[in-house]
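Chemist: Residue numbers (my numbering), protein chains in the order written: chain G, 768 to 930; chain C, 768 to 930.
Everything labelled a hint here was simulated from the structure, so no lab data went into it.
Treat the hints with care, as some may be off.
Same chains, same label: a pair holds when it works inside one copy or across any pair of copies.
In silico SDA-like cross-links for lysine to any residue, where the CA-CA straight-line distance does not exceed 20 Å [claimed, not checked]:
no. : residue 1 : residue 2
1   : Lys895    : Leu929
2   : Lys883    : Asp909
3   : Lys883    : Met768
4   : Lys883    : Ala811
5   : Lys895    : Glu827
6   : Lys895    : Glu771
2 protein chains.
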Amino acid sequence: MGLEAEIIRLSQELGEALAGRGWMAATAESCTGGGVATAITEVAGSSGWFDRGFVTYTNEAKQQMLGVSIDNLLRHGAVSEVVVLEMARGALARSDAAISVAISGIAGPGGGSDDKPVGTVWFAWVDKSGRHHSLLARFDGDRQQVRRQAVRQALSGLLALLR
Amino acid sequence: MGLEAEIIRLSQELGEALAGRGWMAATAESCTGGGVATAITEVAGSSGWFDRGFVTYTNEAKQQMLGVSIDNLLRHGAVSEVVVLEMARGALARSDAAISVAISGIAGPGGGSDDKPVGTVWFAWVDKSGRHHSLLARFDGDRQQVRRQAVRQALSGLLALLR
């Protein structure tokens with residue numbers, strides 16, 4: 768199955784899983800730029816399970832919209848486990864959602880370093896019962912390929928936390 | 768030129784126009800679900816001109832994230848000129864952006880009425896100097912086609928306000 772078909776299938780499965788529980792979801796996205804929210808809302812009826820999305824592209828947006836601490840941004844960088852966990856928890860606290868996902872990474876072509884090369888993406892998933900999971904991925908490919916692989920990973924992690 | 772190619776071209780032109788002015792943009796999206804933010808951030812370097820996006824899918828999100836008044840939501844509905852103007856102004860006030868776009872519509876297949884059939888989409892564009900424009904569109908096609916045409920319109924209206 769191709770990447771795009773998989774994103775559609777995962778979005779549909781996620782909708783069914785959320786509807787089955789009566790849960791709303793929220794997203795907190797940096798490098799994917801709204802791609803996860805777009806995928807979730809591609810499914811008809813998604814107003815029943817999608818509450819809101821925060822596209823926090825700048826550090827200021829991460830602080831102001833999600834309550835990420837300036838201290839963690841300076842100490843660990845925006846692409847770090849501690850920041851994606853803060854983003855996911857901030858999205859849960861500032862919404863009516865019961866589950867959230869946060870994504871922060873380096874889509875390229877610029878912005879990479881030895882430590883965090885292009886394709887480095889951190890994910891965090893959190894639910895209202897306190898369960899959480901985080902993941903570091905290193906995707907291959909160009910900017911668009913990194914972003915689309917990150918969207919797929921974000922969706923599949925939401926499904927995994929729901930099951 | 769196909770719709771997808773046009774969205775890419777408009778996103779690139781928008782990036783150049785924003786960078787040329789030193790302006791950041793913000794988005795406030797309902798029915799497009801983050802598709803406009805995703806298109807803008809598909810362009811490499813977009814962290815230089817994209818500040819943040821608000822994906823306000825529920826009425827509560829429109830109120831809490833953008834300051835849309837419950838009174839206007841009840842009186843005019845979420846898909847109305849007064850609400851998209853409030854959304855666009857709210858995005859400008861709650862960001863570091865100098866220009867914003869708001870989109871609220873009925874992507875379908877459900878949610879249509881005689882008054883506001885599927886494909887009805889309201890747009891508003893606002894900049895920091897107080898210039899603003901609003902538009903009512905009625906798009907043909909299925910859910911995905913309505914959403915993609917709305918993304919194209921949102922981008923082209925941003926460019927028009929910038930020029």
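Chemist: Each hint needs a verdict: does it hold in this structure or not?
Modeler: Comparing the hints with the structure gives:
no. : hint             : verdict
1   : Lys895 to Leu929 : within (11 Å within a copy, 42 Å between copies)
2   : Lys883 to Asp909 : within (15 Å within a copy, 41 Å between copies)
3   : Lys883 to Met768 : neither (29 Å within a copy, 38 Å between copies)
4   : Lys883 to Ala811 : between (37 Å within a copy, 17 Å between copies)
5   : Lys895 to Glu827 : between (26 Å within a copy, 19 Å between copies)
6   : Lys895 to Glu771 : neither (30 Å within a copy, 38 Å between copies)
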